[in-house]
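Colleague: The chain contents come next:
2 protein chains.
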Amino acid sequence: MTTSELQHLSHQELAALRSQSLDRYHRFQAQDLDLDMTRGKPGPDQLDLANPLLEVVSAEDFNAADGTDCRNYGGLDGLPEAKTLFADFMGVRTEEILIGGNASLNLMYDSFMRAMVFGVGDGQPPWSQQGALKFLCPAPGYDRHFAICEQLDIEMITVAMGPEGPDMDQVETLAASDEAIKGIWCVPKYSNPGGIVYSDRVIQRLAAMQVAAADFRIFWDNAYAYHHLTDTVPEQTCILAACKAAGNPDRVYMYGSTSKISFAGAGVAVMAASKANIEWTRKQIFFQTIGPDKLNQLRHVRFFGNIAGIQAHMKRHQALLAPKFAAVQAILRRELGGTGVATWSDPKGGYFVSIDTPAGCARKVVRMAAEAGVKLTGAGATFPYGKDPRDCNIRIAPSLPPVEEIEQAMELVAVCIKIAAIDLLLDR
Amino acid sequence: MTTSELQHLSHQELAALRSQSLDRYHRFQAQDLDLDMTRGKPGPDQLDLANPLLEVVSAEDFNAADGTDCRNYGGLDGLPEAKTLFADFMGVRTEEILIGGNASLNLMYDSFMRAMVFGVGDGQPPWSQQGALKFLCPAPGYDRHFAICEQLDIEMITVAMGPEGPDMDQVETLAASDEAIKGIWCVPKYSNPGGIVYSDRVIQRLAAMQVAAADFRIFWDNAYAYHHLTDTVPEQTCILAACKAAGNPDRVYMYGSTSKISFAGAGVAVMAASKANIEWTRKQIFFQTIGPDKLNQLRHVRFFGNIAGIQAHMKRHQALLAPKFAAVQAILRRELGGTGVATWSDPKGGYFVSIDTPAGCARKVVRMAAEAGVKLTGAGATFPYGKDPRDCNIRIAPSLPPVEEIEQAMELVAVCIKIAAIDLLLDR
Numbered sequence: 004m005t006t007s008e009l010q011h012l013s014h015q016e017l018a019a020l021r022s023q024s025l026d027r028y029h030r031f032q033a034q035d036l037d038l039d040m041t042r043g044k045p046g047p048d049q050l051d052l053a054n055p056l057l058e059v060v061s062a063e064d065f066n067a068a069d070g071t072d073c074r075n076y077g078g079l080d081g082l083p084e085a086k087t088l089f090a091d092f093m094g095v096r097t098e099e100i101l102i103g104g105n106a107s108l109n110l111m112y113d114s115f116m117r118a119m120v121f122g123v124g125d126g127q128p129p130w131s132q133q134g135a136l137k138f139l140c141p142a143p144g145y146d147r148h149f150a151i152c153e154q155l156d157i158e159m160i161t162v163a164m165g166p167e168g169p170d171m172d173q174v175e176t177l178a179a180s181d182e183a184i185k186g187i188w189c190v191p192k193y194s195n196p197g198g199i200v201y202s203d204r205v206i207q208r209l210a211a212m213q214v215a216a217a218d219f220r221i222f223w224d225n226a227y228a229y230h231h232l233t234d235t236v237p238e239q240t241c242i243l244a245a246c247k248a249a250g251n252p253d254r255v256y257m258y259g260s261t262s263k264i265s266f267a268g269a270g271v272a273v274m275a276a277s278k279a280n281i282e283w284t285r286k287q288i289f290f291q292t293i294g295p296d297k298l299n300q301l302r303h304v305r306f307f308g309n310i311a312g313i314q315a316h317m318k319r320h321q322a323l324l325a326p327k328f329a330a331v332q333a334i335l336r337r338e339l340g341g342t343g344v345a346t347w348s349d350p351k352g353g354y355f356v357s358i359d360t361p362a363g364c365a366r367k368v369v370r371m372a373a374e375a376g377v378k379l380t381g382a383g384a385t386f387p388y389g390k391d392p393r394d395c396n397i398r399i400a401p402s403l404p405p406v407e408e409i410e411q412a413m414e415l416v417a418v419c420i421k422i423a424a425i426d427l428l429l430d431r
Numbered sequence: 004m005t006t007s008e009l010q011h012l013s014h015q016e017l018a019a020l021r022s023q024s025l026d027r028y029h030r031f032q033a034q035d036l037d038l039d040m041t042r043g044k045p046g047p048d049q050l051d052l053a054n055p056l057l058e059v060v061s062a063e064d065f066n067a068a069d070g071t072d073c074r075n076y077g078g079l080d081g082l083p084e085a086k087t088l089f090a091d092f093m094g095v096r097t098e099e100i101l102i103g104g105n106a107s108l109n110l111m112y113d114s115f116m117r118a119m120v121f122g123v124g125d126g127q128p129p130w131s132q133q134g135a136l137k138f139l140c141p142a143p144g145y146d147r148h149f150a151i152c153e154q155l156d157i158e159m160i161t162v163a164m165g166p167e168g169p170d171m172d173q174v175e176t177l178a179a180s181d182e183a184i185k186g187i188w189c190v191p192k193y194s195n196p197g198g199i200v201y202s203d204r205v206i207q208r209l210a211a212m213q214v215a216a217a218d219f220r221i222f223w224d225n226a227y228a229y230h231h232l233t234d235t236v237p238e239q240t241c242i243l244a245a246c247k248a249a250g251n252p253d254r255v256y257m258y259g260s261t262s263k264i265s266f267a268g269a270g271v272a273v274m275a276a277s278k279a280n281i282e283w284t285r286k287q288i289f290f291q292t293i294g295p296d297k298l299n300q301l302r303h304v305r306f307f308g309n310i311a312g313i314q315a316h317m318k319r320h321q322a323l324l325a326p327k328f329a330a331v332q333a334i335l336r337r338e339l340g341g342t343g344v345a346t347w348s349d350p351k352g353g354y355f356v357s358i359d360t361p362a363g364c365a366r367k368v369v370r371m372a373a374e375a376g377v378k379l380t381g382a383g384a385t386f387p388y389g390k391d392p393r394d395c396n397i398r399i400a401p402s403l404p405p406v407e408e409i410e411q412a413m414e415l416v417a418v419c420i421k422i423a424a425i426d427l428l429l430d431r
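Residue numbers (this note's numbering), protein chains in the order written: chain A, 4 to 431; chain B, 4 to 431.
Check each hint, because a few of them may be wrong.
[Claimed, not checked] Under 8 Å between C-beta atoms, here's a sample of chain B residues computed to sit facing chain A:
1. Leu57
2. Arg74
3. Gly104
4. Ala106
5. Ser131
6. Gly268
7. Pro295
Hints in this document: simulated from the structure, not taken from any laboratory.
The beta-carbon is built from N, C-alpha and C at its ideal position, and this holds for glycine as well.
Work out the full structure: start from the sequences and follow the hints.
Modeller: Here is the structure:
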């Protein structure tokens, strides 16, 4: 029955499948599950991989290569060796990088706050003094990005995501026509939640497009740059290089971190951009801090050594994560394959699987799953203002639970999707 | 000769003393000194005291008391045990505290940025939408505080510092009369640079005074709360308790850190305030970060244990710092005692000695010292806009150099002061 498209079933067949699925749902309820598939948190086994990092800086050995005592004040934009490592990491030069604290979200947020209060560079007016502001938000996307715009009262304009990235026709038309549009959020590799890898064509168009606002900024959150699930690593043009080539070197702010490489709560975050952007930003940050935690930078430099060390480390993450993502695919295929009531991503990297149910079903599925003990990311969370216009997208975060829990949870999710879809068909 | 007030000397005597002093100055110049007395950095010996902190969180043992994996995401406002420790540290309740990253300057700066963009609480208009803003700046004070106001284009109004704290008559008159005055900077214990301990009377008046601005905030940077140089620890009323008692619970933002307790670049910073202020701030910070570095919080909790552990640790700092401060006093007394050309603080804690030269001499002294190889904090740095109206204040930071270097540097400083003062007297 799972290979039949549900829409071709008779009323009686649907009712029978509904009844059978509801039985399965009740059996799940009876199990008193307590599973959490909400957030893209690394599993403890992934974190364990970086445990030696906790011990590479000791009471005897806390100086940087140039002799800097990493315990003391100083180093506004990072240790030289941290800049070298993370410039490679971001694919830029050392003068195009700033080392931050433990969270790239913090760096992105602070970039917004600086833009609001000071503008994005010398002679640029503060965003907060330019009346109503807008931002382009490819969706489904990352809820924390959208939350920043919402907090700052920046109107979000949803842009459709396609298989190569945002709908560039839409982006180009909007960006060129409205000075109030100050930028666009992008997760360019293994996007959250769709797992989309932006194509070079999309990147070139973003870099070269006409923008009405002189202070337009691409917020390029490359959170999953090294987070591959297969051995085929996608090549991707560097957006900063593309922006330079297009004569728009200052258009992009890039962000990255080791949050999902070393420790999620105690990694190193970085910002990369043109030399002019970085110099201006460094001047502003001078007022904010004496400098980020150099001991933690040193731990990272010593543990990873170089970019090859990070890549080798991420192969070990891949070995732990790939079976979890495979389990999600296997259950979804088994339960929903051929039913015609759901499509889902099969990402080659990143932290999420994106499921699209029939319109009007996502909230119901998330609620039903919760009532059977499986927490999912709130329906709508992947869209601006938490409102999925079609109520169909569900984000699955399989990194944290063990495989057997993922299998249970996904089976339940699939059963819930089936019930919701059948209810819709029976309602027609 | 050193016990004679210079102003009572004859022209000839002054000329002889000048010539003798200039000889000494030239001998300093010949030594090719390279000494730095500019910043309040802990010495390596002080940092060494906290080295075990680097090893109390290991690859086997990284969970908080409640089982939280400190390597992973979460904990927006701090680990429970960190809140307990730092609530004691700040003299407040755990619901009155937020744990931050490694720098209290960062927390203060972010408080300003939030105030600019969102206001200081629900229903309060953003500072940036209220026209010209002003801030009360007791001076001499901390250059980094003044720099924040300058960056944000907030007009600084200098308030005189007395032996008990800011001139409260002046503060009360100004705060009550001008709605544009949004707050006051305070370093209430062992102030930077004067070493002043605010009296309870001053604290009560700050807490109870009339303020014209409904969104007035006291920025209470208690950076040296535990940084005693003698065994007599001053008792000081808690400003938050005083504000509550006066019916103004939300008036104060308190800040502290372990920057000069554990590691200057890798400590733990905290903000404390009324429950309402903290809850509101936590809601805003949610948009900025998933949470600060919990591993570093855990290191601090394990190393210090409790507030008694911090106090005991600071006795060890005292043992290292007190001789340095004593050396400054001894040289200044020997060289300038009774000359009538300088007064200086004899602080019972903190990181600085404040010297007042005759008006118009500070810049010259700092320049002469630099030309003989001793870097001092720039003259004027302790005043808003870097401009000391009388050009008389010099900040000495004796924590970093060893005693013998401090003695050399202070002797040179004293010689420079003498020369500058004599030049003034000869010019009359």
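Colleague: For each hint, tell me whether it holds in the structure or not.
Modeller: Hint check results:
The interface hint given for Leu57(B) holds, since its Cβ lies 5 Å from the closest Cβ of chain A, which is under the 8 Å cut-off. With its C-beta approaching chain A no nearer than about 4 Å, Arg74(B) sits inside the 8 Å limit, and its interface hint holds. The interface hint given for Gly104(B) is met, as the beta carbon of that residue sits about 5 Å from the closest beta carbon of chain A, less than 8 Å. Checking Ala106(B) against chain A by beta carbon gives a least distance of about 5 Å; that is within 8 Å, so the hint holds.
Hint status for Ser131(B): holds, given a least beta-carbon distance of 6 Å to chain A, under 8 Å. Hint status for Gly268(B): holds, given a least beta-carbon distance of 5 Å to chain A, under 8 Å. Interface hint status for Pro295(B): upheld, as the beta-carbon distance to the closest one in chain A is roughly 7 Å, under 8 Å.
When each numbered hint is compared with the structure, no violation occurs for any of them.
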